[in-house]
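Peer 1: One letter stands for each residue in the lines below.
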Amino acid sequence: MPSLKDIKKRISSVKNTQQITKAMKMVAAAKLRRAQEAAVAARPYANKLQHVLANLARREEQQDGHPLLTQREKNRALVILLTADRGLCGGFNANVSKEAERFIRNNKEGFAQVDALIIGRKGRDFLKNRVGDRIIKVYEDVTGAVSFKTAQLIGEEVVQMYTEETYDAVYVIYNAFQSAIVQNVTVEKVLPITAAESETQSNDTVDYLYEPDRAEVLAQILPKMVEVQLFRALLESNASEQGARMSAMDSASRNASEMIGKLTLQYNRARQAAITKELMEIISGAESIK
Amino acid sequence: MAAKLKLEMVTPYKQVLSEEVDELTLPGLVGELGILPGHTPILTTLRVGELSYKIGQQQFHVAVNWGYVEVDDDVVTVLVDTAERSDEIDLARARAALGRAEDALKTLSEEDKSYKVMEAALQRAMIRIQVAGKKK
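Protein chains in written order, with our numbering: chain A, 1 to 290; chain B, 1001 to 1136.
Think of the hints as simulated: they come from the structure by calculation, not from any bench. Treat the numbers as computed from the prediction; the structure is a model and nothing was measured. For every residue, glycine included, the Cβ atom is placed at its ideal position computed from N, Cα and C. Mixed in with the good hints, there may be bad ones.
Said to hold, decoys possible - Facing chain B, from chain A, some residues (calculated, C-beta under 8 Å):
1. P44
2. Y45
3. K48
4. Q220
5. F231
What the hints assert, rightly or not - Derived DSS-like pairs (lysine-lysine); straight-line CA-CA distance at most 30 Å:
6. B:K1006 / A:K48
7. A:K25 / A:K15
8. A:K149 / B:K1014
9. A:K48 / B:K1014
10. A:K149 / B:K1106
11. B:K1116 / A:K149
The task is simple: from the sequences and hints, build the whole structure.
Peer 2: Structure representation (structure tokens):
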């Protein structure tokens, strides 16, 4: 039986922890709102781009395809894994990292080799010990404040590796944001670009005037598409991270208060027992004097 | 009243504009082009430059950075990396950026990798100052 003092100490330590988790939850909630707004704000751009691209690519299919559109033989693939730099956010990092590991190991699509490009410290830590030799590059400290510049940087690099035929396909694995509690691990193909997924518009046969010409326009838009896709994934991942952290910290705070309740009960019981014992001693002492 | 153009301008960060305009001038990659209602569908890339549009008699100016424009059925969709309206531009900052870019260009030779980057920065700063100057 722990002494009264021990129990008291534990209670105050749990209280301290609870204060921290509560504060973290609050911070995550505030960040979540901002991240969510950013993700929503980026949506029109991505949608419009997709729409334009769908129009373009469909017509392009009949002609000689642009390198970013052509399917090549499945030789080497690159996986871009989006994780967070920090932990304490439930299964957020582990889920995507595991999915990435599975993707690299199982190689369902039948590539000769799959390499990984990692964003976020946690993903690196996870994969380093498992498939460390497949990691080609790690980006850190980019998930805090997502900027389009980051997406552009990574996008350019990926497009370059793709056109140089270092890789024949590029995938991105990230946590898609559904709500503060639900995040879905998503695997998305980035390259080669497939326009089929966007729904066809009814007035599909408008023939545009192109300036300077179609090939030029396409050559400029396609890399942009990659960047935008990455940017969206980054934003979603960021929102998911905050959401996951918020719910993780919420349950941690709840567990802490449950624990405090239990400990308080234990403390009171012990106190009561001590009082009873003392009383008994006094009474039996008085009894024996008589 | 004649037909109007629906102008939608979006950047990766937000929707900048969504307005009915009468007339639009764009900095196309191969030269300026004006768009009026009833324009044939066109898709063009933009360079760093000044985009201006007219609502009634009022003229508005926006500094834009790489992007492209789709015109279809009197709906103009402008997708750009950055867009700043003339009243949003911080003139002091733009001037400072111009100075920095000029200084950097003096020390760099044309072969340097960052030469192009600085040149683009110079261009952006110049456009910004130009657009900001048109504020009424």
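Peer 1: Does K1014 (chain B) lie within 30 Å of K48 (chain A) when you go C-alpha to C-alpha?
Peer 2: With a Cα-Cα distance of about 12 Å, the restraint between K48 (chain A) and K1014 (chain B) holds, given a limit of 30 Å.
Peer 1: Should the hint that Q220 (chain A) touches chain B count as held when the rule is a Cβ pair under 8 Å?
Peer 2: Q220 (chain A) check passes; min Cβ-Cβ to chain B is 5 Å, inside 8 Å.
Peer 1: Using the nearest Cβ pair, does K48 (chain A) come within less than 8 Å of chain B?
Peer 2: 5 Å, holds
Peer 1: Can you confirm whether the C-alpha distance between K149 (chain A) and K1106 (chain B) stays at or below 30 Å?
Peer 2: Distance ~26 Å between K149 (chain A) and K1106 (chain B) Cα, so the pair holds.
Peer 1: Under the criterion of a CB-CB separation shorter than 8 Å, is P44 (chain A) in contact with chain B as hinted?
Peer 2: 5 Å, holds
Peer 1: Using Cβ atoms only, decide whether Y45 (chain A) comes closer than 8 Å to chain B, and label the hint accordingly.
Peer 2: 5 Å, holds
Peer 1: Below or equal to 30 Å on CA atoms is what counts here, so check K1006 (chain B) against K48 (chain A).
Peer 2: Answer holds: K1006 (chain B) to K48 (chain A) is near 15 Å, not above 30 Å.
Peer 1: Starting from K25 (chain A), check that the Cα of K15 (chain A) is at most 30 Å away, please.
Peer 2: Since the Cα atoms of K25 (chain A) and K15 (chain A) sit roughly 15 Å apart, the hinted pair holds (cutoff 30 Å).
Peer 1: With a cut-off of 30 Å on the C-alpha distance, tell me whether K149 (chain A) and K1014 (chain B) pass.
Peer 2: 15 Å, holds
Peer 1: Does F231 (chain A) meet its interface restraint, that is, does its C-beta lie within less than 8 Å of any C-beta in chain B?
Peer 2: 6 Å, holds
Peer 1: Given the proposed pairing of K1116 (chain B) with K149 (chain A), does the C-alpha separation stay at or below 30 Å?
Peer 2: Roughly 17 Å between the alpha carbons, so the hint for K1116 (chain B) and K149 (chain A) holds.
No hint from the list above goes unmet by this structure.
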